Each structure stands twice: as C-alpha cells, then as structure tokens.
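Enquirer: Protein sequences, first through last, are from chains A and B. Counting from 1, one number per residue, gives the positions in the first sequence under the UniProt record's numbering. Counting from 1, one number per residue, gives the positions in the second sequence under the UniProt record's numbering.
Don't read these hints as lab results, they were simulated from the structure. Each hint should be verified, as a subset may be incorrect.
With a straight-line cut-off of 30 Å between C-alpha atoms, the simulated DSSO-like cross-links for lysine-lysine are [to be verified]:
| no. | chain 1 | residue 1 | chain 2 | residue 2 |
| --- | --- | --- | --- | --- |
| 1 | A | LYS246 | B | LYS62 |
| 2 | A | LYS246 | A | LYS221 |
| 3 | B | LYS64 | A | LYS246 |
| 4 | A | LYS514 | A | LYS565 |
| 5 | B | LYS140 | B | LYS26 |
| 6 | B | LYS62 | B | LYS26 |
Chain B is nowhere near these chain A residues, computed Cβ spacing over 10 Å in every case [stated by the list, open to error]:
| no. | residue |
| --- | --- |
| 7 | GLY69 |
| 8 | MET121 |
| 9 | THR210 |
| 10 | LEU298 |
| 11 | GLU370 |
| 12 | GLN376 |
| 13 | ALA391 |
| 14 | GLY426 |
| 15 | ARG454 |
| 16 | LYS514 |
| 17 | ARG555 |
| 18 | ARG620 |
| 19 | GLY678 |
Because the structure is a prediction, the values reported are computed rather than measured. Here a beta-carbon is modelled for each residue, glycine too, at the ideal position from N, C-alpha and C.
Next come the chains, spelled out residue by residue.
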Amino acid sequence: MIRLAHRWPGLVAGLLLLVLSLSGALLSIFPIVERLSSVQADALSTAELAERIQAVHPEVEQIRRRPSGRISAYWSENGVPRAAVIDPATGREIASADPNPFERWLTRLHRSLLFGDAGRMVMAAGAAAMLVLAVSGTALIARRAGGWRRWFSPLRGPLATRLHVELARIAVGGLLLSSATALWMTALTFDLLPDGPSSRLTEVEGGGRTGMPVAGMDVLKRTPVSQLRSLSFPDPADATDVFTLKTDRGTSHLDQGTGVLLAWSDPSAWQRVSETIDMLHTGRGAAALGLVLGFMALSVPVMAGTGFVLWFAGWRARPRIRGNVAAGRAETVLLVGSEGGSTWGFAATLHTALSAAGQTVHAAPMSSFEPARYRQARRILILSATYGDSAAPASARGFLDRLKFLPAAPSAALAVLGFGDRSFPGYCAFAQAVADVAEAEGWHMLVPFRTVNRQSPQDFACWGQSLGAAMGLELELAHQPVRPAAFPLTLVSRRDYGAEVQAPTIILRFALPKSPFWLRLTGRGFGRFVAGDLLGVLPDSSAVPRFYSLASGERDGFIEIVVRKHPAGLCSGQLFELRPGDAINAFLRRNPGFHAGRDAAPLILVGAGTGIGPLAGFIRANARRRPIRLFFGMRHPDSDFLYGEELEGWRRNGQLQRFDTACSRARQPRYVQDALRGESAEVARMVREGARVMVCGGRDMAAGVSAALADILAPIGLTPALLRAEGRYVEDVF
Amino acid sequence: MNKIMPAIALTVALTLPNLAQARPLKLTTMLTNYGGDGAYLAIYLTNAQGAYAGSLWMAGRKSKYYAHLSGWHRATGGNPAEINGITGASVGAGRTLEISLDLADALFDAGYTLHVDAAVEDMRDSPNEVAVPLTTAGAKTPVRGRRYVSSLAYSF
Numbered sequence: 001m002i003r004l005a006h007r008w009p010g011l012v013a014g015l016l017l018l019v020l021s022l023s024g025a026l027l028s029i030f031p032i033v034e035r036l037s038s039v040q041a042d043a044l045s046t047a048e049l050a051e052r053i054q055a056v057h058p059e060v061e062q063i064r065r066r067p068s069g070r071i072s073a074y075w076s077e078n079g080v081p082r083a084a085v086i087d088p089a090t091g092r093e094i095a096s097a098d099p100n101p102f103e104r105w106l107t108r109l110h111r112s113l114l115f116g117d118a119g120r121m122v123m124a125a126g127a128a129a130m131l132v133l134a135v136s137g138t139a140l141i142a143r144r145a146g147g148w149r150r151w152f153s154p155l156r157g158p159l160a161t162r163l164h165v166e167l168a169r170i171a172v173g174g175l176l177l178s179s180a181t182a183l184w185m186t187a188l189t190f191d192l193l194p195d196g197p198s199s200r201l202t203e204v205e206g207g208g209r210t211g212m213p214v215a216g217m218d219v220l221k222r223t224p225v226s227q228l229r230s231l232s233f234p235d236p237a238d239a240t241d242v243f244t245l246k247t248d249r250g251t252s253h254l255d256q257g258t259g260v261l262l263a264w265s266d267p268s269a270w271q272r273v274s275e276t277i278d279m280l281h282t283g284r285g286a287a288a289l290g291l292v293l294g295f296m297a298l299s300v301p302v303m304a305g306t307g308f309v310l311w312f313a314g315w316r317a318r319p320r321i322r323g324n325v326a327a328g329r330a331e332t333v334l335l336v337g338s339e340g341g342s343t344w345g346f347a348a349t350l351h352t353a354l355s356a357a358g359q360t361v362h363a364a365p366m367s368s369f370e371p372a373r374y375r376q377a378r379r380i381l382i383l384s385a386t387y388g389d390s391a392a393p394a395s396a397r398g399f400l401d402r403l404k405f406l407p408a409a410p411s412a413a414l415a416v417l418g419f420g421d422r423s424f425p426g427y428c429a430f431a432q433a434v435a436d437v438a439e440a441e442g443w444h445m446l447v448p449f450r451t452v453n454r455q456s457p458q459d460f461a462c463w464g465q466s467l468g469a470a471m472g473l474e475l476e477l478a479h480q481p482v483r484p485a486a487f488p489l490t491l492v493s494r495r496d497y498g499a500e501v502q503a504p505t506i507i508l509r510f511a512l513p514k515s516p517f518w519l520r521l522t523g524r525g526f527g528r529f530v531a532g533d534l535l536g537v538l539p540d541s542s543a544v545p546r547f548y549s550l551a552s553g554e555r556d557g558f559i560e561i562v563v564r565k566h567p568a569g570l571c572s573g574q575l576f577e578l579r580p581g582d583a584i585n586a587f588l589r590r591n592p593g594f595h596a597g598r599d600a601a602p603l604i605l606v607g608a609g610t611g612i613g614p615l616a617g618f619i620r621a622n623a624r625r626r627p628i629r630l631f632f633g634m635r636h637p638d639s640d641f642l643y644g645e646e647l648e649g650w651r652r653n654g655q656l657q658r659f660d661t662a663c664s665r666a667r668q669p670r671y672v673q674d675a676l677r678g679e680s681a682e683v684a685r686m687v688r689e690g691a692r693v694m695v696c697g698g699r700d701m702a703a704g705v706s707a708a709l710a711d712i713l714a715p716i717g718l719t720p721a722l723l724r725a726e727g728r729y730v731e732d733v734f
Numbered sequence: 001m002n003k004i005m006p007a008i009a010l011t012v013a014l015t016l017p018n019l020a021q022a023r024p025l026k027l028t029t030m031l032t033n034y035g036g037d038g039a040y041l042a043i044y045l046t047n048a049q050g051a052y053a054g055s056l057w058m059a060g061r062k063s064k065y066y067a068h069l070s071g072w073h074r075a076t077g078g079n080p081a082e083i084n085g086i087t088g089a090s091v092g093a094g095r096t097l098e099i100s101l102d103l104a105d106a107l108f109d110a111g112y113t114l115h116v117d118a119a120v121e122d123m124r125d126s127p128n129e130v131a132v133p134l135t136t137a138g139a140k141t142p143v144r145g146r147r148y149v150s151s152l153a154y155s156f
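Modelling step: build the complete structure from the supplied sequences, incorporating the hints.
Expert: Right, here's the structure in full:
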C-alpha cells in the first residue's frame, strides 16, 4: 500500500517535480544574494531613514524594507510614479526597484508553469504529490531499515537503490517542509485560508493639522529599521490622511500633524502563521535556510531518475503468468508473498509445471486471499518471502490477520514454502509464521514447511519433488531465477592446491569486464562489487547457475574465486578445465549480508577450505588497517594452504593483525574451532570491544564454530544469537 | 488581446435621476511592457466633488490584493459588493483590456472623472494611474497613464 502510494505519484508527477525542484533550487539563490548585496541599516531608526529619504525625494510616498534588509522608496516626480532601491546612508537611489526579470520568470514558472491559475493548480498538485512521496518514502525507509532509530543505518543493494534512499534520508525533511508550505501558500492564493488583518483601519482620520517633520515623531524614532516593513506617507493635500507604519509586530497609524499614534492593529494569528510559512518556503528572511532547502531540492531530479530506473527494473522483472485460471475454477490455488518480485518468478515456474501436468492453477498475491472464492480448490500452495526481520512482504499484507480470523480451516490441503537468506537472522520468519498459524488453525498440511535459501534452484526443485509425490504426479521444477545477463569472463591466472590431500582446489582470477553506465545503474552489469558478493557461473549445458563467493572487489581490478573440485560436479569440473585465456559465462549477485563493511570495527574472520576466499578478499581490501584476526582451517599446510604467501605479506604490512591455522591432516589434527578455542581470551576481548565475527565455509564447520563461540562468549554474557541480532555475527555457509 | 464584454449594464451601480437614457460605451485600456506579472486594474468614477461614484470594472480576482489599488480601496473599503459581477482576469504586460458597458448619459460632461488604479506584484503600486474627465468631447482621445497604462480611450 505504502509502496503504491510512493510509486504512482512519483511516476505521474515526475516531470512536474523536475520543474518544481530545479526552479525552486535556482530561486533559493536570490534571497541570499539580495541579503549579501544589501546595505544593512538595522541600527538606524525609521525616523532617521525617513528623514534622509525625504531630503532627497520630498514627494516620497512609501518606504519599504525587504526581509533581506534592502530598502526601496516610492515617490512621484512630475506626476510620474517612481521607485528605487535606496542607500540608507545617503537616502539616494542606487538601483531600480523593479524585480529581476529572470527571477520573475523563474517564480512564475515555479508557481504556475507560466500558465496563470490553472498552472498554479497543476503545480499545487505537484507539491501534493511531493508531500505524498515524502511521507510514503519516509515510511518505506523506516520499514526498510527496520525502525525509526535505524534511520541512518548503512545501505545495501544496487547503485540506483542506494542513491535513491541515501539522498532521500538527507533531503526528505526539506522536501516535506517545502511541499507542505507550498500547499499552504497555494491555499492562501485561492483564498481557501483566512489571511486578512484582524480589524480594518480604513476609517482612521487625522486631527486636521499637517507639517510635523518625520524626524520628530516618537513612534518612528523608537522603531529601528530592522523592524520596519513599510512606512506610507500621507497625502500632504489631505489633512485627514495619516502615516501608516507596518512593522514585524503590526500596523500603526500616526497623525501627520502631531506624530501621535492614532490606532494600532496586531496581525492575526493566521497572518503570523502565513508570514512564517512564506519565509520558510521562499527563504526571504531566512536566506541560509532557503539555500539549504534549495540544495535539498536538487536531490529531486536524481531521485526522480533513480526512482524511474527502479520502477522500470521491477516492471521488467515482473512475472508473466500465462493461462491463469479463475479463482473459482482452480484445483490448485497458488498464493504469492513477494517484495521485489523474485518469488513471483518461482511461482510462475510452479504455475507452468503444474499446468503442464494437467492441473488447473490460479495464482494470486497472498493479500487477495479469500478462501470462500476457492470453490474447486483441493490444495493451496503458499510461496512467500519475508520483509525485513519478520514482516509480511508487499504482496502479502494483512494475510496473517485474515488467516487468524478464519472461522474454520478450509478443506483444501496446504503447503508453505519460505524464501529467504540464511545469513540474515529472521530467515523465512514470515513464511514460518504463516505455516505455524495455519497448523494451529488445524489446516491439513500437504507437505511439511520448507525453505529456499537465496533463491536456490536446487532447494526449489527438491521441494517440487516432495510436492509432486504428495500430489501423485511427476513435478520437475527447473527454475531460473531472474538474473542479470551473463558476461563472458576471461581467465587470467589459476593456482592449484590440495591435490595431495584429496581436496583439489583452485584460485581462479578473471579479468574485469567493462560494462556501460546504464547497465551499472540498473544493477544489470558488473558495476560495483566487493569481496563477499557472489559470482553466478553458468556451466555449459545447464541453465542453473552455481554461486561462488568473490575473493576480490571491483577495486582490485580483477574477479577472483576459490573453487573446490566436487566429484562428478558439472560446474567445478568445467572450471577445473579452464586455462588462462579461456572464458566462462558469469554474472554478479550481490550478497549484502556478508560484506566486511566500511567501518573501523575489528573483524574476527573464521574460514575453512574454500571459505577463505571472501575472507582473503576482506583482508586484501583492508587498506585502512582495521584490526583483523583470521582463523583458517585446512588439511595440510604443504598442500592446501590457500593464499599462504599473501596472508604472510598482509600480516607483515599490517592489513592482517594475526592469523592462526588449524590443520586436520597434521600429526595432531585440529579444526578451526579448536584454533578459536585456543585463543578464547583474545576472541572474547575483541568481541567485547565491538568486533564482528564473519564465518565462511561448510555447514559442519559453521556449526562447530558457533558452538565454540558460544562457550567463549558465555563468560562475558554474550551468545552468538545476540551478536547475530546485532549484525555482528554473520555466516556464509555452503 | 483580452476582450471582455460584461453583460451587466453599469447603470445599476450608478444611481442617478434619469437612468432611462444610457448609451453603450467601449473602454479600451492598453498596458505598457512593464516587465512584470499581470496587472490588477480598478476602473471607477468619482463625481464633481471628488467622491466615489461607482466602479466600472475590476481586473484581477484575488481580493486580498485589492488593498494595493489604494484609491479604490480607500473609497470603497474593499467592499466586494462594489464589483460584484464586473470582475475579470488581471491584464498581462503589453495586453489590452477591452470592456463594453452601458453608461448613463447624465454622467457625461457633469464633472465625473474616470480613474484607473493599477498594481503589479512586487512592483510599484500606481494608485492614480489614470484620471481623466468623462466628457463627450474626450471620447476617442487616448490618454497615457503614468506607469503601466500606455493608453486609455473610450468611445461610443
């Protein structure tokens, strides 16, 4: 819902917002220029100023002071009305009082697109769209970050997303202020808000005498120029006419013969509010704030551009389900909870496979769940991702509530499949909650709850088999997740290890391909990557990619992975055949859950075998010498000591503080968790001081490390789970 | 060109003894290229004693700016009833405002003065932009305003 309230105003009003923000940003320069170029006369009294001007222009009718301090005078010369900017020191004219034509033009463009009242309404609609975008965007950022207090938490994801959110976090306050004040000002223009003075003073009349010099009038002497807004002189021919003095505090009328204060009126509360709002919007009277707001407005074109790119990328990736059967006629109802659209891709594969097997299938978002409509349904399949820690993804909003308040469990059997990333704490938490609630409601489960880690086609295919078995049909789910176009990567070098210890392993280094900016911006190229991201390799004769952790970042200028040869492994077999100059097809998959981050927190890196890859990448990128400790498990130092020489070099130049190795085939076999336990005091100290723990390797090793760490941290009252919740314990497990 | 034809006969606003005889009058106001936003114009009459006698036209719809037409505003207190039904859009720089109205014969050659007050946003107000005696002989003789009006002429 919030996403819709963000997307459509953005797409519809995008161009309008471009005009509004650019003209607004330019306009914000004028008040500060005027302020800096005006001679300030704040110490002067209004009486002195009026006297000086009157000495030069005896027929002066009005003196005005702008919030910038600029003073202008209006008088008649031989019956011709004249106006000029005045030097308060001399009372002489120094410039024309007419507005700068470019500023006028910009103002008209900004408020009405140069189209009068109709244009004003269009621009007001633009401001309203901006307000809706700012409010909904704020809610989206808070939701994305996992709460208001994490507003400035580090961002992950493709360039367009980061740019969009990063700018929004800084500028949204200013955009809220500018758009809300714009709407207020439009309402004033169209008389939708009261703006008049609290009382009318048109009936005030003077005592009939004339000729009191302004220099002698007490009220004017007491009013410093800094408070002055305008002083209107009476018609000398009309003895009943009066002086009208407007200041920041109100309007007063003075007798022209005696200088006595005849009447006084305060501005109404509405007027005060409107004046403040005018100041906040235009920066007149608050030039520095205006400049800041103008600067923030400059983020709008970038956000409009990146926002469009994001929408377009999502639109391209949207599922296209063909032959969807109506809800009332389908035997199988497929409900999808997806945030970014990737789960829809799996749903489409499932839909196709079931339809091919002769089933009638209705696919719909989980939020449209309505069991009463599923008259023919014999089974309901739920495929759902999780948003943030445990929230419902966009297309599943409200599903849990509806599930809880079902009067009775439907007769159709249920299967729930969760999609998530094991490296995050709330792995598949929402799908799990759905399965739990459904089971508690007494729903018959067709197959047990299962999960798919990181869009793994293998996990999905495996679930498909058990689903097929339960349905009594052969179900082969060959899903290719939506992925960026693969790039040919050319091998630069390879290093072989581990053949002697029955663990053939290679470090492969590929040249960095060049990709155009547009592709990088949409996240469809080899744009930015760091160690810990994943390289998806497409082996020949298979559409299913295999993922390898990257041991290098974009800045290293090459792409490096560590590959262990699996017996009968299709992909690793092909990679082992590669010689320098050969090429493979591969693409990048970001893996934000396993980045070293750019902060200075110490790192404890734990890895075994090929798990050293990303860890070596972190150390290689550690130009700022943050404290890093490495625990590395291998079979035998003479055979599979991956990165042995580099590690020694990094240790010498301070990129790595220290490393400990554990060798499982040495005379005294040790595992990496044993090495960790051997340094428990040091590990506990580092964790207490804020260190992050990053573990990469096989599942068994990760379990062993977690257990060892639990023992090590118990004395200081911490657990791996607590660290995990803080994002200080992350795993990349295979 | 802003050509405006008010349907209301102005005789209603100007209560005079012999209303029966009225004649159609065409009033043409051309503005200079003063280089600003649309001008607000108040067109009204004063009698031989200088007292306000009635409004003929108000160009500009937003009443909060009427105070800038200070001659008209002082005379009427900004009373919207004075211009009820005879209000139109503000007139852009270099444009022409053309209005047709029925004006009682008795108003001509009787000391009445035709006034135009003008105001432009962020520019100098010009309360007595034009003040021209309303005479039969004066018809078709254009008058120049002080700042914003390049010529004002009325013809039968």
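Enquirer: Evaluate each hint against the coordinates.
Expert: Evaluated hints:
For the suggested pair LYS246 of chain A and LYS62 of chain B, the alpha carbons sit about 22 Å apart, so the restraint of at most 30 Å is met. With a C-alpha separation of about 14 Å, the suggested pair LYS246 of chain A and LYS221 of chain A falls inside the 30 Å cut-off, and the hint holds. For the given pair, LYS64 of chain B sits about 17 Å from LYS246 of chain A by alpha-carbon distance, which is consistent with the 30 Å threshold. Taking the CA atoms of LYS514 of chain A and LYS565 of chain A, the gap is near 29 Å; set against the 30 Å cutoff, the hint holds.
In summary, the hint linking LYS140 of chain B to LYS26 of chain B is supported, as the alpha carbons are separated by about 10 Å, within the 30 Å threshold. For a cut-off of 30 Å, the pair hint linking LYS62 of chain B to LYS26 of chain B stands: about 25 Å separates their Cα positions. In this structure GLY69 of chain A is separated from chain B by more than 10 Å, as the shortest Cβ-Cβ distance comes to about 17 Å. Every beta carbon of chain B lies more than 10 Å from that of MET121 of chain A, the smallest distance being close to 14 Å; the non-interface claim holds.
Consistency note on THR210 of chain A: stated as away from chain B, and its beta-carbon is indeed over 10 Å from all of that chain's, at 18 Å minimum. Distance check on LEU298 of chain A: its Cβ is at least 25 Å (rounded) from any Cβ of chain B, clearing the 10 Å threshold; non-interface status holds. With a minimum CB-CB distance of about 52 Å to chain B, GLU370 of chain A clears the 10 Å threshold, and the non-interface call stands. A cut-off of 10 Å between C-beta atoms confirms that GLN376 of chain A is not in contact with chain B; the least separation is 63 Å.
Every C-beta of chain B lies more than 10 Å from that of ALA391 of chain A, the closest at about 49 Å, which supports listing it as non-interface. The claim that GLY426 of chain A lies off the interface holds: its Cβ sits roughly 56 Å from the closest Cβ of chain B, which is beyond the 10 Å cut-off. With a cut of 10 Å on Cβ distances, ARG454 of chain A stays outside the contact zone with chain B, its closest approach being about 60 Å. Chain B leaves LYS514 of chain A outside its interface by the beta-carbon criterion, the shortest separation being 53 Å against a cut-off of 10 Å.
With a closest Cβ-Cβ approach of about 54 Å to chain B, ARG555 of chain A is found to remain outside the 10 Å limit, as its non-interface label requires. The claim that ARG620 of chain A is not at the interface with chain B holds, since no C-beta of that chain comes within 10 Å of its own (minimum 62 Å). The non-interface label for GLY678 of chain A is consistent with chain B: the shortest C-beta to C-beta separation is roughly 79 Å, beyond 10 Å.
In the structure shown, no violation is registered for any of the earlier numbered hints.
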